[in-house]
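Engineer: So the chains spell out like this:
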Amino acid sequence: MKRKQYLFFCWVPVLLCLFLIGPGAALAAEPIVIGVPTSTGFLEGKEALKAVELAVTEINSAGGVTVGSEKRPFKVESIDIRDAAPGVPVPEALLGIEKLILEKKPAALLVGPFRSEALMAGMDIIAKYKVPLLGAIAMTPASEEKVKQDPEKYKYIFRLALNAKYLVKYLAGTMGFINAEYGFTKVYIMNQDVDWARKTAEIISQTYFEKAGWTIVGQESYPTGTADFSSTLMKAKASGAQVILPIFDMPQSGILVKQWNTMKVPCLMAGFISPLAGPGAWKTFDGKIAGAINCIFELGSAIGSPKVPKSMAFQEAYAKQFGSPIEAGHGPGPAYDSVYILADAIGRAGSTDADAIVAELIKTDRQGVLGRVKFDAGHQVIYDMNPEESAVAAIFQWTTEGKRQIVFPTSLAEGKIQLPAGLTSAK
Amino acid sequence: MLTGTILYAIINSAILALTAIGFNLTFGISGVANFAYGAFYVMAAYGVWMLIHMAHLPYPLAVLISISLTTLAGALMYRFVIIRIKGQTLSEVIATFGIGLSVLELFRYFGFVGFEYTLPVFVDKSFLIGDAYVDAQRLLIVAFAVVLIIALWLFTHYTHLGLAFRGIAQDERTSLTFGMDPDRIARMAVSFGAGLAAIAATVIVPLGSISPEEGYDVLIKALAVCIIGGLGSSGGVIIASVVIGFAERFTDSYIGSHWTMIVSLAALLLVLVIKPSGIFGKQKELEERI
Chain A
12 MKRKQYLFFC
22 WVPVLLCLFL
32 IGPGAALAAE
42 PIVIGVPTST
52 GFLEGKEALK
62 AVELAVTEIN
72 SAGGVTVGSE
82 KRPFKVESID
92 IRDAAPGVPV
102 PEALLGIEKL
112 ILEKKPAALL
122 VGPFRSEALM
132 AGMDIIAKYK
142 VPLLGAIAMT
152 PASEEKVKQD
162 PEKYKYIFRL
172 ALNAKYLVKY
182 LAGTMGFINA
192 EYGFTKVYIM
202 NQDVDWARKT
212 AEIISQTYFE
222 KAGWTIVGQE
232 SYPTGTADFS
242 STLMKAKASG
252 AQVILPIFDM
262 PQSGILVKQW
272 NTMKVPCLMA
282 GFISPLAGPG
292 AWKTFDGKIA
302 GAINCIFELG
312 SAIGSPKVPK
322 SMAFQEAYAK
332 QFGSPIEAGH
342 GPGPAYDSVY
352 ILADAIGRAG
362 STDADAIVAE
372 LIKTDRQGVL
382 GRVKFDAGHQ
392 VIYDMNPEES
402 AVAAIFQWTT
412 EGKRQIVFPT
422 SLAEGKIQLP
432 AGLTSAK
Chain B
2 MLTGTILYAI
12 INSAILALTA
22 IGFNLTFGIS
32 GVANFAYGAF
42 YVMAAYGVWM
52 LIHMAHLPYP
62 LAVLISISLT
72 TLAGALMYRF
82 VIIRIKGQTL
92 SEVIATFGIG
102 LSVLELFRYF
112 GFVGFEYTLP
122 VFVDKSFLIG
132 DAYVDAQRLL
142 IVAFAVVLII
152 ALWLFTHYTH
162 LGLAFRGIAQ
172 DERTSLTFGM
182 DPDRIARMAV
192 SFGAGLAAIA
202 ATVIVPLGSI
212 SPEEGYDVLI
222 KALAVCIIGG
232 LGSSGGVIIA
242 SVVIGFAERF
252 TDSYIGSHWT
262 MIVSLAALLL
272 VLVIKPSGIF
282 GKQKELEERI
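Going down the list, the protein sequences come from chains A and B.
Numbered by the working numbering, the letters in the first sequence go through residues 12 to 438 in order.
Numbered by the working numbering, the letters in the second sequence go through residues 2 to 291 in order.
Chain A extracted, bound-state conformation (with noise of 0.2 Å):
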């Protein structure tokens, strides 16, 4: 008995220092601070600290960030900037970055702002601070513009999400796909009133329906907080519109597509409304959105393809740790690469110096979860169809079963359109 206890004491201490060694040795080095400073009060910037969170973990439990002879951990310190709340004042968005820059002296910060306005604003104090910015939630292309600009000023501002341009030609696309499946010309576009929406209706339409030779048979723009569609459905009912073109982001907005389904207008409902982008939305929505066509801003968030294997691999990783889907379809794909992408280029430059860190990221050529990933001259991610080629977009479609079948792009696709009952094709 003496003998057991003799060697029990003596080998536990021993397979204990040996079991922390290794990952161990990272983590007592000085941990390499990641600040998300975001609005995670909401679903998206939520799930996207949670996906910075996942690949932070992953990285860490594979030994930590190679900075030059070192391994050290990352460590991610969050604020709600709130600045996706109504009527918080974009300076008070821009307080909370700075003190998150002031206060834990990050190496970069991930997600960003929500808000477009944020993010022209919050430009200046990131130039300022020199911290550099893997930006997944706000989408105008303007801070691009910016970055060519003055390029030394504002080189440290990246983006990995969709931006407002890309999303237009995704959208394009899918008409342009539906067209020459089954010949439609006549669409019916609702979005909700705010800027980002209404320039989305408005480029595609000038860009796209009108050079097409499509019909836009009527067009209305809902307040945010509408929670009745009925009479634009009836209208569109009415007008013998083949294709609802819906452009919303409000939690309202899962409404259209129950009312669509209840109220059994005989048109295809294709285009954004971020209610329907999770696995979930079957649930939350009874089973009333079967048919609905949505577009996921990023692969990797809401969806994966069996194409993009990082994809479907995040997808699981995400649901084992944190006992749920994702569910934001705009966010979390970017924010899980941006860990992997500034781990690379520090990785590379050897140091946690700004410029060297952004000199890196300029180079970055990735395959992720989002597909390939290379930066622009604005540093934005380059989104086309093909995910070898480029970081990819998907669009899905409900089945009547509640499973989500990726349509589009071609090179991701799992099946085909299946139209509404009462809706043929006008080929």
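It is worth saying that the hints were derived from the structure and are not from the lab.
Take these hints with a grain of salt, some might be off.
With a straight-line cut-off of 20 Å between C-alpha atoms, the simulated PhoX-like cross-links for lysine-lysine are [what the hints assert, rightly or not]:
id : chain 1 : residue 1 : chain 2 : residue 2
1  : A       : 294       : B       : 87
2  : A       : 414       : A       : 294
3  : B       : 126       : A       : 275
4  : A       : 61        : A       : 331
5  : A       : 210       : A       : 222
6  : A       : 166       : A       : 141
Dock chain B against chain A, hints included.
Structural biologist: Frame of chain A; chain B shown alone:
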């Protein structure tokens, strides 16, 4: 198209009436403008959601418990906060608004954001009426609103407690001489108002989803209806709900949906300019006469 517009206008009116009736009852009887009203609405909806998904209770039981707890929360708010500042209108508004704000932001802080927060519909069917399809939940809302308004009328006209409510609302001092306790009645009015907000939430939320922002929207809608109808007037609430409900849907159908909110606000402005106490209100009658 016209039949459908009228049908959905009736539904919209019923939703507005249900949304505003609790706020109106509280103000009409106790004189308290309960700015935490929207928070009670959201709290009740989240309450049902939690009882279903976390405590795994049956839907009807979850609804009953949530309505009861929200009613109790209203009584507690009166007992521990409002009673100390009763009669100081501005303080009441600030205190109740602060409580509402705290409740809504606490839900956000604890992560109750996302699209999964919704409640199941009571009946999953839709019917063709005229040339428009309408779902059973919307028809139920209309039925609920009618039944609730009739029940409230019967309660305030044929029960001792209801008559006491009206007595206090008409003249607090005279009611005191009849042995009525204004604090007790006011507590019950705030409590009943919170309960009515909870009832509205449980029937309306299945159409959409629950989010902290919904609390602010509900408060604004309730205020708009009550101001147009006349604060404290039940008849006014019904008339204002019908006016706004029809104006919104007809604007939506025949002018444009982005004008919908403007029409409601214009109606509000017009009433405030022409008759500041609202269609049936008596709050400022004296000043108007002067």
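Engineer: Hint by hint, note whether the structure agrees.
Structural biologist: Structure-based check of all given hints:
Under the criterion of a C-alpha separation no larger than 20 Å, the hint pairing residue 294(A) with residue 87(B) is inconsistent with the structure, at around 45 Å. Pair hint residue 414(A) plus residue 294(A) holds up; C-alpha atoms about 11 Å apart against a cutoff of 20 Å. For the hint linking residue 126(B) to residue 275(A), the alpha-carbon distance of about 12 Å falls within 20 Å, and the restraint holds. Of the pairs offered as hints, the one joining residue 61(A) and residue 331(A) holds, with about 12 Å between alpha carbons and a cut-off of 20 Å not exceeded.
Between the alpha carbons of residue 210(A) and residue 222(A) the distance comes to roughly 17 Å, so the proposed pair stays at or under 20 Å and holds. Distance hint between residue 166(A) and residue 141(A) is fulfilled; the C-alpha atoms sit about 9 Å from each other, no more than 20 Å.
When the structure is compared with the earlier hints, a violation turns up for hint 1 alone.
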